[in-house]
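Participant: Note that my numbering has the sequence shown beginning at 1, numbered continuously upward.
These are computed hints drawn from the structure, not numbers from a lab.
Even for Gly, the Cβ is constructed at its ideal location relative to N, Cα and C.
Careful: at least some of the hints might be erroneous.
Said to hold, decoys possible - Okay, the calculated beta carbon distance ranges per label pair:
1) Asp33 - Ala66: 17 to 25 Å
2) Arg28 - Asp70: 28 to 36 Å
3) Glu47 - Phe77: 17 to 25 Å
4) Leu34 - Lys74: 13 to 21 Å
5) Asp33 - Asp70: 29 to 37 Å
6) Arg79 - Asp33: 18 to 26 Å
7) Asp70 - Thr29: 24 to 32 Å
8) Ala37 - Lys67: 26 to 34 Å
9) Phe30 - Thr65: 25 to 33 Å
10) Phe77 - Val36: 13 to 21 Å
11) Asp33 - Ala69: 15 to 23 Å
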Amino acid sequence: MGTYGETTGRATLPATSFKAVQPADDKRTFRCDLCVAPSVAVVVIGEGPSALSLEFCGHHLALHTAKLADGGHKVVFHR
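Generate coordinates for the entire structure from the input sequences, incorporating the hints supplied.
Facilitator: Written as structure tokens, this is what we have:
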């Protein structure tokens, strides 16, 4: 196994573009990060650009509510 340039014949990585924010009119169905059930809320752990967001279904949110509250994490319910 070689470097990227050796295996593809190119010396630089291809340019990519990622959307930073999801559009407000996006009607995607979010899924729980622990199972396949639809998410009812997102829990934000930390602050700023390094914050982690986790999707929770109602079942898993109920199971972990005490731990999340003790940690002072922000819970945002989907509309």
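Participant: Given a hint of 13 to 21 Å, does the C-beta separation of Phe77 and Val36 actually sit inside it?
Facilitator: Cβ of Phe77 to Cβ of Val36: about 19 Å, so the range 13 to 21 Å holds.
Participant: Given the hint of 18 to 26 Å, is the C-beta distance from Arg79 to Asp33 inside that range or not?
Facilitator: Roughly 19 Å apart at Cβ, these two residues keep to the hinted range, so it holds.
Participant: Between the beta carbons of Glu47 and Phe77, is the distance compatible with 17 to 25 Å?
Facilitator: holds (19 Å)
Participant: Tell me if the beta carbons of Ala37 and Lys67 are separated by a distance inside 26 to 34 Å.
Facilitator: violated (19 Å)
Participant: Can you tell me whether the CB distance of Phe30 to Thr65 sits inside 25 to 33 Å?
Facilitator: Since Phe30 and Thr65 have Cβ atoms about 18 Å apart, the given range 25 to 33 Å is violated.
Participant: For the hint 13 to 21 Å, verify it against the beta carbon of Leu34 and that of Lys74.
Facilitator: holds (18 Å)
Participant: Confirm or reject the claim that Asp33 and Ala69 have a C-beta distance inside 15 to 23 Å.
Facilitator: 18 Å Cβ-Cβ, so the 15 to 23 Å window holds.
Participant: Are Asp70 and Thr29 spaced within 24 to 32 Å by their CB atoms?
Facilitator: At roughly 30 Å between Cβ atoms, Thr29 and Asp70 fall inside 24 to 32 Å, so the hint holds.
Participant: Could you check the hint for me, namely that Arg28 and Asp70 are 28 to 36 Å apart, CB to CB?
Facilitator: Once the Cβ atoms are compared, 31 Å apart, the range 28 to 36 Å for Asp70 and Arg28 holds.
Participant: Kindly confirm whether 29 to 37 Å is satisfied by the beta carbon distance between Asp33 and Asp70.
Facilitator: Given range 29 to 37 Å: violated, Cβ gap about 20 Å.
Participant: Holds or violated: the 17 to 25 Å window for the beta-carbon distance between Asp33 and Ala66?
Facilitator: holds (18 Å)
This entry does not satisfy hints 5, 8 and 9, going by the numbered hints stated previously.
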